[in-house]
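Residue numbers (the numbering used here), protein chains in the order written: chain U, 1 to 368; chain F, 369 to 736; chain B, 737 to 1104; chain L, 1105 to 1472.
These are computed hints drawn from the structure, not numbers from a lab. Heads up, some of the hints might be wrong.
Sample of chain B residues facing chain U (criterion: CB under 8 Å; computed from the structure) [claimed, not checked]:
| no. | residue |
| --- | --- |
| 1 | Pro821 |
| 2 | Tyr974 |
| 3 | Gln1077 |
Listed next, the stretches of chain F that the computed footprint assigns to chain U, with coverage defined by at least 3 CB atoms under 8 Å from CB atoms of chain U [unchecked claim]:
| no. | region |
| --- | --- |
| 4 | 560-568 |
| 5 | 602-613 |
| 6 | 640-654 |
Cβ coordinates follow ideal geometry from the N, Cα and C atoms, glycine included.
There are 4 protein chains.
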Amino acid sequence: MPNPQSVADRSPLLGFTSDNIAGASPEIIQALVNCNAEQANPYGGDNWTGRVQEQLRDLFEHDLDVFLVPTGTAANALCLSAMTPPWGSVFCHPGSHINNDECGAPEFFSHGAKIVTVDGPSCKLDVSSLARAVNVKVGDVHATQPACVSITQATEVGSVYSLDEIAAIGDVCASASVGLHMDGSRFANALVSLGCSPAEMTWKSGVGALSFGATKNGALGVEAIVLFDEKLRATMGYRRKRAGHLLSKMRFLSAQMEAYLANDLWLHNARQANGMAKLLVEGLKQIPAVHLPGEVQANIVFCSLPLAITDGLLRAGFKFYHDRWEPGIVRFVTSFASQEQDIANLLAHIEALAAKSLHKLDELNVAG
Amino acid sequence: MPNPQSVADRSPLLGFTSDNIAGASPEIIQALVNCNAEQANPYGGDNWTGRVQEQLRDLFEHDLDVFLVPTGTAANALCLSAMTPPWGSVFCHPGSHINNDECGAPEFFSHGAKIVTVDGPSCKLDVSSLARAVNVKVGDVHATQPACVSITQATEVGSVYSLDEIAAIGDVCASASVGLHMDGSRFANALVSLGCSPAEMTWKSGVGALSFGATKNGALGVEAIVLFDEKLRATMGYRRKRAGHLLSKMRFLSAQMEAYLANDLWLHNARQANGMAKLLVEGLKQIPAVHLPGEVQANIVFCSLPLAITDGLLRAGFKFYHDRWEPGIVRFVTSFASQEQDIANLLAHIEALAAKSLHKLDELNVAG
Amino acid sequence: MPNPQSVADRSPLLGFTSDNIAGASPEIIQALVNCNAEQANPYGGDNWTGRVQEQLRDLFEHDLDVFLVPTGTAANALCLSAMTPPWGSVFCHPGSHINNDECGAPEFFSHGAKIVTVDGPSCKLDVSSLARAVNVKVGDVHATQPACVSITQATEVGSVYSLDEIAAIGDVCASASVGLHMDGSRFANALVSLGCSPAEMTWKSGVGALSFGATKNGALGVEAIVLFDEKLRATMGYRRKRAGHLLSKMRFLSAQMEAYLANDLWLHNARQANGMAKLLVEGLKQIPAVHLPGEVQANIVFCSLPLAITDGLLRAGFKFYHDRWEPGIVRFVTSFASQEQDIANLLAHIEALAAKSLHKLDELNVAG
Amino acid sequence: MPNPQSVADRSPLLGFTSDNIAGASPEIIQALVNCNAEQANPYGGDNWTGRVQEQLRDLFEHDLDVFLVPTGTAANALCLSAMTPPWGSVFCHPGSHINNDECGAPEFFSHGAKIVTVDGPSCKLDVSSLARAVNVKVGDVHATQPACVSITQATEVGSVYSLDEIAAIGDVCASASVGLHMDGSRFANALVSLGCSPAEMTWKSGVGALSFGATKNGALGVEAIVLFDEKLRATMGYRRKRAGHLLSKMRFLSAQMEAYLANDLWLHNARQANGMAKLLVEGLKQIPAVHLPGEVQANIVFCSLPLAITDGLLRAGFKFYHDRWEPGIVRFVTSFASQEQDIANLLAHIEALAAKSLHKLDELNVAG
């Protein structure tokens, strides 16, 4: 079995830009090797695809339809396109991926629906603002019409909606007869953080459509559109094909997903990513120069670093985002591939740089 | 190295439905294994992607931009969307994939451009009909405007445009100032059939944008949008991202393409597929009950079979399309994975069924 | 009351290009004058609009919703957009206005639905070809899906579907569960030609949505989208507004339609137009040099004219289409504004030119 | 000549909801009567349309192309569609008509461009916020790309950009290479307020495309798309036709516009509307119970009224918006049709209601 990321052999990983800079889990690579042995019906008529549908029905304890696609942007945009007419409003947080990072894919797939942002702390929708927003100008032909809500779990800043928070949003959606979509690009990270069941975090809380991500958490490139809401299912096959997202050799997506779900690999990977983030947080808390602005619930760590430390880390070859937010704020993302030695190495560098800064400061003070 | 299709071990392949029922070349699977060993920049900022761009520039002997996507439908629709305004006409053969088999993807990506068909024998555009079509109602605001032409090489029925034929179409396009797109989902099969250079079959004959297929010829799922025409390049990055076709772990597409092009694997695979089709044709010609309507230039074989033979093959587990055209017409598609033993096995079954039919006929005659 | 087209005062009309070169009926102009006297609620909340809805319900003897728009292209495209998903097929005749003359408006409004043509004589759909077409690849995600049928009554060449013909098409639609749209840009001309009721020509024959034209038959610019099919109604208000076709001072569209329907003005106008076409046909039949290829059922007359006559008419200032079809074919369109003197004048010119030609021919013969 | 709004004969107008509840200027109605006298080429090939193009070139002292359409929503959405790719960002004020009141028409016509709001006082874009916004993520394929800016003149709350303010926005646009659109639905009201030339308020300040409104200021329904920027012109004819906004009997739009511009009718009308708003403001200032929150620069008057007064006005038959903003805020809009007697009548009612309220208050005080 291929094991390209054997920990003992490699030098510490320096990349913390995102969880998408990791490769894939060896088990998933192996699944590709295995599934190559025979001819298979194209376009999802193969056995792997059939089995994935069963796996997800079991996992979510609900009837559902599954449509695999190669990217999260495709999953999100296809889900939303089934939940809004072109003249609909899609409500989401200003910081959401669908609003900022998909080059207008939701607008493209929905033929021009309007993304309307509803703010809230920690990249989570404020439920009372949402309750007002979904009831504005209903039935008024001059205005786009409330159509659906999209939340990201875990959010783009690594926070996690509690089950109560999701259910409250689900209630707002239900009472306004608008759908609820969950962008689960980091679904596993949120799930292990909450310690709940997939059913609880989705349809039991009012979610009708889910983008179930696997890419960031160990796959090469596969995401599952999971449709709990029966009304959304009939058109999805046409939408996916028309968007060029129906792969002819579908088995190579399905085999990834099958291996991802088998033996709880996905939960294991997410626990590793979250655990490494926690380890990083604990280390950072010991360094006085570092400030941690919020609680870390998944695999994303925001902190404020003195410029000298940031510069030092970049010079040492570390990679992470440092110039996207207010000055001094940096982001570290861990993944299933992160290991203790990687975190220890990062922390050691930060400590050393912090000590050096302090030393310099002392010198300056002495000089002064 | 994984070799899931080792010929000696396996029973004969019974599937001739399409070249997309094969798995992937072992070399390409191995490339995925290899490229998994390290962290890599996402979204194409990795080394594999850079190298593929260089490989294709060398191969085509031309400056060009490359955009990898996971499906041929995406490649075609993205190319066309850059070549036509929403009020443009896209000219193609009635039998073309973009007209019949993409659920309107070209219309979706182009925001409603009109596919206008121009007929011709062997699924190839008649050049004089095309010359008329591209000059209809130019500048008339009541009519969609001639925007581009799309040809498929090799065509959907396995025929191949000669260089002269492509150049003649290229001339028509140039004189009408419309672009020329080539759907090269079976580019390699056509190329080895003509024995020309990639440059000759594309930009030297007037092609501005190419969907360069790899999936049908040995990849898991990757196609390259190759833009020779500089005017088409600036917007493609946005189009691809907006359509959800920019993979975060892009290296896994690029590594496939790199291995596909390395050591002439792509040419080797295409020669194998074409060669097996030729072998099949030669065998079929020996069987009086079988009629071959046209010349076979690539890896698709159409023939007419007596119903008894078709039924017998299906009962024996063979898979192929037999009910899509006029009664009696069947289609066999070979691929890089087809081996002499597979063809021999198919021919043996046809011969036996033909003999049996003849025998029955004799009995009937005697009885009569 | 304004009467700008008082017949006695004016010289004969020389334009026979189309019925859209006429102005408006004096009664309709007067209605605009009248409706200007007061303030009125905008966007259709006015009394004129309410009354038009009632008029059309009475006229069609059916519950229905009415949406007024300023153009036939808007009416057609809006109707079709409610009858097809973006991945749907819209079946129509190759010669139909929606296929040729709307610059892709149906594709724009429907977000890329595919117009699939079904041929037939006299610009009328062949019902058995249609029956096959609407059942192709149903449920196959690779193909656009049969969604609706559009027929033009009277057709673009002036022929008229019989009630039986419409009902046969309606039956095909019903059995395939696809909708039936009627482009009634010349609805009145067809109706008076058949001598049936509006109900018989529409919902009783299976029509679910109608573009009810008034512009060509005496209005300045107003068409009614008439929705018999209840399923189509809920979204139309949004579609119209979003397309910029909800006029703020809607009363000025509604007043036109109210006057058009009042006192059977619309039927009177259509009888005038058809009658003048008939008069023209009778005259043309007396001229040996002229050939009439088909029956004239509405207000469009196709005939073949010797080139010398066509040239002579053009030199004399007559306007008509003469270079759009095979050589020698010309088209004369009459309208509500055409008067006997106009037809007599046209016929007199043709006769004189024919005599002159004959004379020349004689001279040539003598000379020969 | 028709004069349906002869002042002497009528009772005071009670409607102040919007300027679109007025009818049309008698001169414009008369122009429709006049232009009905003859046959005319359809689709803008008539003389009226040609003359309007000349009128607007003279008026704006610039080469330009004109495209008449029946609604402001169409004008805005068509302009914007020529100024942004589908993956573009259109910057405008949160309170702008294109953001709130067109049911997503800009998104529809532009195939999904993203409206990004930039706030500022008095419904005017803050120029430094705009300067930042148009430079965000340029060239980043993950984000929609800055494409154009749209300002409304006069704004939706009746404020007017000064020439300096427009020029500052024009400079930001130029330096970021994005276009500048002006929604001039109340262009005339702004122009007479500033007392500048049409050229100064548009292309001299950086405006590339203008929606030049006439409907709210005396026409039945016509708006001119005025394209100063040569790059925007080539595609507009196709866009308009495809959207169903090319009227066959175009003369009836053009004649409205011709009469609107002739003899400065448009300026006269705007001065009347603005003057009546000023008169209203002066009267309101004399009533202590009424508070005027801002300066009135055009024909829209916002004020805060005690609930008793609002209720009293509604009971007396007055019409105006009173429940769209914070409690107590009402809006009165005057138009070209408003006369001194209408304003006097409204003021008299407010005064009487205020006095009554005061009286009741006194009674309460006495009682207390």
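Right, here's what the structure says about each hint:
Annotation: proline 821(B) was flagged as interfacial toward chain U, and the flag holds, the nearest CB pair being 7 Å apart, inside 8 Å. Nearest Cβ of chain U to the Cβ of tyrosine 974(B): about 4 Å, under the 8 Å cut. The hint holds. Interface restraint check: glutamine 1077(B) against chain U, minimum CB-CB distance 48 Å, threshold 8 Å, status violated. Residues of the region 560-568 of chain F with a Cβ under 8 Å from some Cβ of chain U number 0, which does not satisfy the need for three, so the listed coverage is violated.
Counting residues of the region 602-613 of chain F whose beta carbon lies closer than 8 Å to any beta carbon of chain U gives 6, which meets the minimum of three for the stated coverage. Evaluation of the coverage hint for the region 640-654 of chain F: breached, as 0 residues show C-beta separations to chain U shorter than 8 Å, against a requirement of three.
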